[in-house]
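Novice: Residue numbers (my numbering): 392 to 487.
Hints listed in this document are in silico derivations from the structure and should not be mistaken for laboratory results. Predicted model only: the values in this text are computed from it and were never measured. It cannot be assumed that every hint is accurate.
To be verified - What follows is a set of in silico ranges between Cβ atoms, one per label pair, in the way DEER data are often shown:
#: 1; residue 1: Asn401; residue 2: Gln486; range: 45 to 53 Å
#: 2; residue 1: Glu396; residue 2: Phe471; range: 33 to 41 Å
#: 3; residue 1: Asn412; residue 2: Phe471; range: 13 to 21 Å
#: 4; residue 1: Met392; residue 2: Leu474; range: 27 to 35 Å
#: 5; residue 1: Phe471; residue 2: Val411; range: 35 to 43 Å
#: 6; residue 1: Ile447; residue 2: Met392; range: 24 to 32 Å
Using N, Cα and C, we set each Cβ at its ideal position, and we do this for glycine too.
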Amino acid sequence: MQQEELKEKNSNLSVLLIVVNVILIMIFFNLTPSSGDESMMGIYFAGVAFVVLLGIYAFSYGYRAAKWFFGISFMILLIFTGLLWYAFQLGKAFQH
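Produce the entire structure from the sequences given, and follow the hints as far as they go.
Specialist: Written out as structure tokens, the structure reads:
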């Protein structure tokens, strides 16, 4: 009984730390004035950090819902990465 309560408490603390870390990453990348591309990359890195931290959380605690949420967020990250790559390549094409 006590071990389950400790696991639940640690799980809630881990979720809080994931949220705080992502907020700190967003603040870090938005401190300096930057162009649109650099701002987009800051958002992208915050997304990557969220997915990595969520994956660590999901597989260390073993919650099924967390694993599903990780899978969905990983797929969204892959789609966003592809669209971001396509937009940068399209921008290079119109630069010349």
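Novice: It remains to establish, for every hint, whether it holds in the given structure.
Specialist: Results for each hint:
1. Asn401 with Gln486: 45 to 53 Å: Cβ of Asn401 to Cβ of Gln486: about 50 Å, so the range 45 to 53 Å holds.
2. Glu396 with Phe471: 33 to 41 Å: At roughly 38 Å between Cβ atoms, Phe471 and Glu396 fall inside 33 to 41 Å, so the hint holds.
3. Asn412 with Phe471: 13 to 21 Å: 19 Å Cβ-Cβ, so the 13 to 21 Å window holds.
4. Met392 with Leu474: 27 to 35 Å: 48 Å, violated
5. Phe471 with Val411: 35 to 43 Å: 23 Å, violated
6. Ile447 with Met392: 24 to 32 Å: Check passed, 27 Å falls within 24 to 32 Å.
The structure does not agree with the numbered hints 4, 5 stated previously, though it agrees with the rest.
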